[in-house]
Structure formats: structure tokens, C-alpha cells
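Each chain, written out:
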Amino acid sequence: MKDCATYAPMIGARPGELTPDEEARLHEHLAGCDACQGRLADLEATGGMLVEALSRAASRRDFATFADEVMARIPANAWKPEGAPKGVLESLKAFFGRHRVLAIASALAPALAAAALYLFIDRPGMPAETALPGVEVASETLEPIVLDTSDGPIILMSDSDGT
Amino acid sequence: MEVDDLALVEKARSGDADAFRTLVVRYQRKVFAVALGIVKDPDLAWDVAQDAFVRVHQHLADFKGESAFSTWLFRIATHISIDAIRKERSSKKDDIDQVDEAALSEGASGILGTALGSNPQESVLRKELVEKMTAALAELPPAHRTILVLREVEGLSYEELSEQLGIPKGTVMSRLFHARKKMQALLQGYAGLSARPGRSTGREDAEP
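From first to last, the protein sequence lines are chains A and B.
Under the numbering used here, think of the first position of the first sequence as 1, with each following residue one higher.
Under the numbering used here, think of the first position of the second sequence as 1, with each following residue one higher.
Pulled out of the complex, with its shape left as it was, chain B reads as follows:
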């Protein structure tokens, strides 16, 4: 039977190195995945993930158990990841957050939904796109990569995103919208899909 995280944390606090190693092995891939999504370079993600575990160990005494250990661990990994890409964050805020007509017409709404079919989980196209997804993510600006990973991988709520990123809820929603839109446009490109006549492209937004 698997020992729960809190029991392992308690043991690690008491000096049990094996208990801490168990936590590392348990979460190493997911922490790496989070870091990779944000920093995009696998070697940097490897270092960031290791830093996260070392930092967690340094602050084990501060962990109060108010949230899950994994939540605390991912939060630390996210902070280190964001710090690692700070120099890359040069995009203009408006390009990242503002939802206007140009943003709404980016990509073509419904194309992916239609192409992936009624049961996307079983789609062959889906499997192909999953393989392209990491590359697509790497093409997004850092702020978009970060919010997508926090939302889709870590599962943070709007409120948690607002708190962690230091932006209002409205900005969280608009930034997520932009990030998804860009990701979908890239996936459509990889799949060779384009807007078809008769299908919505978002242009009706500009019509009176």
C-alpha cells in the first residue's frame, strides 16, 4: 500500500532521506512536465524540477499541510519556472491580454472540434496533434505558456490563477482565451486544417 504524502513529509522532516526520495520519485515526472511546459527547454526544465525538490526540502518545516503537498510542490516549481524565463517575457501586455476583433478572428472557431469528431478521445488526428502539442506550446509567449500549464496541467481555478500570477480575474480569462486561441491556430496549421466556407471564423463579431 502506498504511503500518503503527508506521512512521507513527516518522516522526511524527521531526517528520513528515503521518505523524501519516495516523494521525489512520486512527483518527478509531473514536476518536470510542468516545468517543461513553462520553460520549454528540456534541460532547463530538468534543472528547474530538481531545484523545486531541493527548495521543498529546505522549507519542509514551513509546510503546514493546509494544502496538498503536491499543490505546494507545483507552486514552488511554477515560481522557479517563471523566474527562469523572466528574461524571455518581453511581449507587450496588450498582445497577451486584450480581447478585440483581431483576437477573435484569429484561427477559426469550430474547425478543430469538427475535425476531431464527436469522440475526440478516440480520434487518430487527436493522437497526431498531441505529438505536436509540445512544439506548439513552445511557440507561445511565456505568459501564455504559463497560464495554459497552470490551468490545464495543474488545474488551478481562476481565483488561484489570479493570486499566483498577480492579475485580476478578468485578465485571467482574457489571457487564457488568447493562449487557447493561439494554440488552436497552431494545431490547425499542423493538421493542415483551414477555415471552411460556411463555418464560423469569428468575422461575424465585427458585423453590425
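Next up, chain A with everything else stripped away, as it sits in the complex:
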């Protein structure tokens, strides 16, 4: 038979693994090829031996410590229930993961606060009654001096050399 190179690899296929056409041609080939009949006989005779051999090899090994070793390799905090927070940062992450709007608002809050301060404190032409009461800042000096007055505390910024 010249076709063994084609059909020998098909020997050992399980039902449904070959196309109907391949199955038919393999069957026809086997009927007329002693070599491939021998290959099939070898395969059938040795079937299951590998599973048995590896199972025996595994059985000879002492597995008394195996599970303990596996469990020891798993971090203790990995045993918290799925979805449960595993720390402050992870709690925050989980919370903001569930509340995206709050997360965005939290991220924007400092910027909004800064903008609000700018608008209320330093806006030219702002009416006196809308200014923040009670605090005056003299920014030309570096070291602050706080004076208590009847109108509230006044912060003076002075140079380090006292001028």
C-alpha cells in the first residue's frame, strides 16, 4: 500500500473526529493493508497504558503535604469573600467603582473649591458685603504676623529681616 502516510495518522481517531469521507476511505484502506491493521492492533493493545503508568507514578508519591503547601502559597487575605473589601484602599476602590458619579465629583471637588475661592476672594469690583468677612491678607511679606482686632484677626506678612 502506498497510502499509509495518509491513513496511518487517522488510525485511533474517535467517532466524529474524522469526516464521513475520511472514515470511509480509512475503512477501505484498513481492509487491504496489513501494516495499518498491525498499527491498529498495537494501538488497541497499548490503550490506557499511559494513564495507568502515570497514575501509578503519582500513587507512589507521598501527597501528605501537598495540599498544605498549596494552601500556604495562597495569601491569607485572599480568603475574604469574593467582592468583599480587603483593605481601606480596596474599600474605597470598590465604593467608587460602584458610584462612578461620586468618583467624578470627588475628583473635581478640589478644583471647584479653588475656583470658588478665587471668585469670592479676589474678584475686582466685588461689593464689600460679599467679601469674606474678618480676614485680611497682606501678601507683600513672607512671614505672617496675626493681629487680633475688633474687626477680627489681621494677618500681616513680614520680610524675614523685619523690614
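Do not take every clue at face value.
Stated by the list, open to error - Pairs of lysine to any residue, SDA-like flavour, derived with a Cα cap of 20 Å: (1) B/K64 with B/S14; (2) B/K127 with B/G189; (3) A/K80 with B/K127; (4) B/K40 with A/V51; (5) B/K169 with A/M10; (6) B/K30 with B/W72; (7) B/K30 with B/T71; (8) B/K40 with A/R61; (9) A/K80 with B/Q164; (10) B/K40 with B/R86; (11) B/K11 with A/L43; (12) B/K30 with B/A68; (13) B/K127 with B/L193; (14) A/K80 with B/R55; (15) B/K132 with A/R61; (16) A/K80 with B/E2; (17) A/K80 with B/K11; (18) B/K132 with A/K80; (19) B/K30 with B/Q164; (20) B/K64 with B/V3; (21) B/K11 with B/H79; (22) B/K64 with B/D5; (23) B/K127 with A/M71; (24) B/K169 with A/G16; (25) B/K169 with A/K80; (26) B/K11 with B/T71; (27) B/K127 with B/G65; (28) B/K127 with A/E44; (29) B/K30 with A/A41; (30) B/K64 with B/R86; (31) B/K11 with B/R86; (32) B/K127 with A/A41; (33) B/K169 with A/D21; (34) B/K64 with B/K127; (35) B/K40 with A/E44; (36) B/K40 with A/F66; (37) B/K40 with A/R60; (38) B/K64 with B/K132.
No lab work stands behind these hints: they were computed from the structure.
The hints should help you fit chain B onto chain A, whose structure is shown.
Below, chain B alone, put in the same frame as chain A:
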């Protein structure tokens, strides 16, 4: 009554360490056997098997239950095993996959079948050969060990082998053929069997 795998997986996901330990004990020997078949070194197989369980635990949340837990576990163990022997995989592709006349004449077809008799399960020779099988497997190239273990131990189909190994179905069949042929030749050697006159040796393949 034994708790089924999926129930144990659910418990393990909820933080039940004992449930996960039960899964480890249930599959430790088979995972070790798969790893041993591929990596061939028992100590490396031990580490690979443990890695597989640790990796499984890390990804419990990803397990959707679309396949059996054991299938998923063995797939992970196989990946880790293949990764462990990557450096060993230096065989030329043609030596592994190509079925030509030289490959067909390797070993002697039917010798083992005849020697093991009509009921191989009860054969004394079979028991002897099983003892030699692990050593024979260790002599094969990594690609042949891997495909034999996946097919014979894990029971993967041609389609699953094709997907897992990233090779076409035709290559799966030819690689399996080579692997089996080499394994049978080694077993014949261990058993002191040789091709007998009148029995097919595959040489007729080359005849016109």
C-alpha cells in the same frame, strides 16, 4: 456523599478555604500525573502541580462554569507544564510532525498487539510495560510527550488539541502518530521484541 466540584468552587469563591482544600486533594494526583507526563521530572511536576492550584485560586472569579472544573484545572496545569519545558523544545518541526516512509518504517506494526495477546488488560507483559512506560515517555521529545498526555490522559479531542497546541488538525494527527510510534518502538525494545519475518514492518509502504 461527595460534594460536586461546582459547589466547592462556589464555596471557595466565598472564602471557604476548606472547600478549596477539598478540590486540591481531589485532583492533586491527577494534576501531578499530567504535569509529570509533560515535564518528566517528578520534583518539577510537583511544583507545576502546585502552581496550577495557586493559579486556579487566583482566577476562581473568572471561572464561568462553561466547562468542567477539572477541564479548566488541567488546561491550566498543561499550560504551566508546557511553559516549564519551553527551553527543552528544540526538536526540528519535521522530526516531530512529518509522516514519511522513514517514519512509517519506525518500529514494527503489530508486534506489540500480537505480544500482548487478545486480552491485553490481563497480560503479564502489559503490567511489565506499564512500569516502563514513564521512562519511555521521558525519552520522547517534549512535543510528543505533551500531545500524548493531552490525548491519552486528559482525553482531548483532535479539535481541542488543535486549539490548545495551536496546530492544524492534520498536524495533530501526524504528531500523535509519531509520538505513538516512538513510544511503541521503545516499549518493544524494553520487552525484547523485534520485527519477525512475515509480519508487517511498514516496508510495504515503499513498494510500488
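Okay, the hints, checked on the actual structure:
no.	hint	verdict
1	B/K64 with B/S14	15 Å, holds
2	B/K127 with B/G189	15 Å, holds
3	A/K80 with B/K127	48 Å, violated
4	B/K40 with A/V51	14 Å, holds
5	B/K169 with A/M10	11 Å, holds
6	B/K30 with B/W72	13 Å, holds
7	B/K30 with B/T71	12 Å, holds
8	B/K40 with A/R61	14 Å, holds
9	A/K80 with B/Q164	33 Å, violated
10	B/K40 with B/R86	13 Å, holds
11	B/K11 with A/L43	42 Å, violated
12	B/K30 with B/A68	15 Å, holds
13	B/K127 with B/L193	15 Å, holds
14	A/K80 with B/R55	17 Å, holds
15	B/K132 with A/R61	17 Å, holds
16	A/K80 with B/E2	25 Å, violated
17	A/K80 with B/K11	11 Å, holds
18	B/K132 with A/K80	46 Å, violated
19	B/K30 with B/Q164	19 Å, holds
20	B/K64 with B/V3	19 Å, holds
21	B/K11 with B/H79	26 Å, violated
22	B/K64 with B/D5	13 Å, holds
23	B/K127 with A/M71	36 Å, violated
24	B/K169 with A/G16	13 Å, holds
25	B/K169 with A/K80	44 Å, violated
26	B/K11 with B/T71	19 Å, holds
27	B/K127 with B/G65	38 Å, violated
28	B/K127 with A/E44	15 Å, holds
29	B/K30 with A/A41	28 Å, violated
30	B/K64 with B/R86	29 Å, violated
31	B/K11 with B/R86	35 Å, violated
32	B/K127 with A/A41	18 Å, holds
33	B/K169 with A/D21	16 Å, holds
34	B/K64 with B/K127	41 Å, violated
35	B/K40 with A/E44	25 Å, violated
36	B/K40 with A/F66	18 Å, holds
37	B/K40 with A/R60	15 Å, holds
38	B/K64 with B/K132	40 Å, violated
In terms of the numbered hints stated before, the structure departs from hints 3, 9, 11, 16, 18, 21, 23, 25, 27, 29, 30, 31, 34, 35, 38, listed from lowest to highest.
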